[in-house]
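With chain E fixed as given, assemble chain H onto it according to the hints.
2 protein chains.
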Amino acid sequence: MELPSKILQDAVDQLATLPGVGKRSALRYALHLLEEEESAVRDLSEAILKLKTDLHHCRYCHNISDTEVCPICANEKRQKNIICVVENVQDVMAIEKTQQYRGLYHVLGGVISPIDGIGVHDLEINSLINRVQSGDPAPVEEVILALPTTMEGDTTNYYINKQLLPFNIKITTLARGVAIGDNLEYADEITLGRSIVGRIPFEG
Amino acid sequence: MELPSKILQDAVDQLATLPGVGKRSALRYALHLLEEEESAVRDLSEAILKLKTDLHHCRYCHNISDTEVCPICANEKRQKNIICVVENVQDVMAIEKTQQYRGLYHVLGGVISPIDGIGVHDLEINSLINRVQSGDPAPVEEVILALPTTMEGDTTNYYINKQLLPFNIKITTLARGVAIGDNLEYADEITLGRSIVGRIPFEG
Chain E
28 MELPSKILQD
38 AVDQLATLPG
48 VGKRSALRYA
58 LHLLEEEESA
68 VRDLSEAILK
78 LKTDLHHCRY
88 CHNISDTEVC
98 PICANEKRQK
108 NIICVVENVQ
118 DVMAIEKTQQ
128 YRGLYHVLGG
138 VISPIDGIGV
148 HDLEINSLIN
158 RVQSGDPAPV
168 EEVILALPTT
178 MEGDTTNYYI
188 NKQLLPFNIK
198 ITTLARGVAI
208 GDNLEYADEI
218 TLGRSIVGRI
228 PFEG
Chain H
28 MELPSKILQD
38 AVDQLATLPG
48 VGKRSALRYA
58 LHLLEEEESA
68 VRDLSEAILK
78 LKTDLHHCRY
88 CHNISDTEVC
98 PICANEKRQK
108 NIICVVENVQ
118 DVMAIEKTQQ
128 YRGLYHVLGG
138 VISPIDGIGV
148 HDLEINSLIN
158 RVQSGDPAPV
168 EEVILALPTT
178 MEGDTTNYYI
188 NKQLLPFNIK
198 ITTLARGVAI
208 GDNLEYADEI
218 TLGRSIVGRI
228 PFEG
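Residue numbers (the working numbering), protein chains in the order written: chain E, 28 to 231; chain H, 28 to 231.
Heads up, a few of these hints could be off.
Same chains, same names: a pair is fine if it fits in one copy or spans any two.
[What the hints assert, rightly or not] Calculated cross-link-like contacts (lysine-lysine; reagent style DSS-like; alpha-carbon spacing at most 25 Å):
#, residue 1, residue 2
1, Lys104, Lys124
2, Lys77, Lys104
3, Lys189, Lys104
4, Lys197, Lys107
5, Lys107, Lys33
6, Lys189, Lys107
7, Lys33, Lys104
8, Lys124, Lys189
9, Lys33, Lys124
10, Lys124, Lys50
11, Lys124, Lys107
12, Lys104, Lys197
13, Lys33, Lys50
14, Lys107, Lys77
Think of the hints as simulated: they come from the structure by calculation, not from any bench.
So here's chain E without its partners, still in its complex pose:
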């Protein structure tokens, strides 16, 4: 598609870098912005940039935060001796939505992936070890590994577990099994297999 303007073309190309946005949608967005007031477009432009310039990471859990310590770490009512280790911000939001967890988090910012060139030092793994070792902001009794069940997630779990062994704390992981409401015949074999091996007492 040939556009009548390089500035429009640039905006379309840039908008098309958003995940799942093709050139057609990007053009639709750009033409919509063209018809908006300058102040509205400026607001959008600035809000996007602030994501990189103004957003902080919590000094303890490394979750995104507007303040030095995030609201979860700063919340006096949370159990400060349990840390749930997750890959990213989305995972924190998913777990928070369940309202079943009252401990703290530690956001790694990814998982170990030699193929993508992501090693231990690109992730917030050492800061997790330090957090357990120092007991700052609180002594840690349990670390829950809630990383994805991929080879990279497993590798990262293995590495963290090995590093945390000397501290003699409880290390757990999420229960895996057939989702509630799922038919057994549609569950994948690995999940169904794990949920048989990891069966739990029936609460009658």
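Showing chain H alone in chain E's frame:
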């Protein structure tokens, strides 16, 4: 959905103003941008703002353009005595894609719509009349009205036609009819009716 940061929330709210983008997609875009390099996010942010700050409109046809005169009006090979009147930039792009039109355009920037408070003076109608009257940049022999077939489009056609009558030029409109490849039984009555009334000689 409660987000851990007001800055993130702002970015999500702003992205959700794009047409067809809901809060979930907006969050996906924002989290994607969070993981991008600052320079990439700055490029996007600037490209969006430039749509309002740097983009010009062609002094003749009022299509968007990076230059004072757009590439179509500046193209020596186009027929400068025919002007196709359209509602917006998208329409120019749609007609250009057919590669069937070699004349110039005039982009009104909308159609007369009393309900939306859009009158003659909010649109590039007077500049069209002037263009025909002055013969600048070229004497006009034909004006093609290619506005939408809505009540507003018809009103605008009617108004422009009345204003152009004194100049004694050819005023035409797009052929309307059953789309090529369409079954008659699925065509809407108005289109089918118009295509019978406006039937053309068979080219055997």
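Structure-based check of each hint:
no.: 1; hint: Lys104 <-> Lys124; verdict: within (17 Å within a copy, 62 Å between copies)
no.: 2; hint: Lys77 <-> Lys104; verdict: neither (30 Å within a copy, 47 Å between copies)
no.: 3; hint: Lys189 <-> Lys104; verdict: neither (30 Å within a copy, 73 Å between copies)
no.: 4; hint: Lys197 <-> Lys107; verdict: within (14 Å within a copy, 80 Å between copies)
no.: 5; hint: Lys107 <-> Lys33; verdict: between (54 Å within a copy, 24 Å between copies)
no.: 6; hint: Lys189 <-> Lys107; verdict: within (22 Å within a copy, 77 Å between copies)
no.: 7; hint: Lys33 <-> Lys104; verdict: between (54 Å within a copy, 21 Å between copies)
no.: 8; hint: Lys124 <-> Lys189; verdict: neither (30 Å within a copy, 62 Å between copies)
no.: 9; hint: Lys33 <-> Lys124; verdict: between (43 Å within a copy, 18 Å between copies)
no.: 10; hint: Lys124 <-> Lys50; verdict: between (34 Å within a copy, 16 Å between copies)
no.: 11; hint: Lys124 <-> Lys107; verdict: within (19 Å within a copy, 62 Å between copies)
no.: 12; hint: Lys104 <-> Lys197; verdict: within (21 Å within a copy, 78 Å between copies)
no.: 13; hint: Lys33 <-> Lys50; verdict: within (15 Å within a copy, 30 Å between copies)
no.: 14; hint: Lys107 <-> Lys77; verdict: neither (30 Å within a copy, 47 Å between copies)
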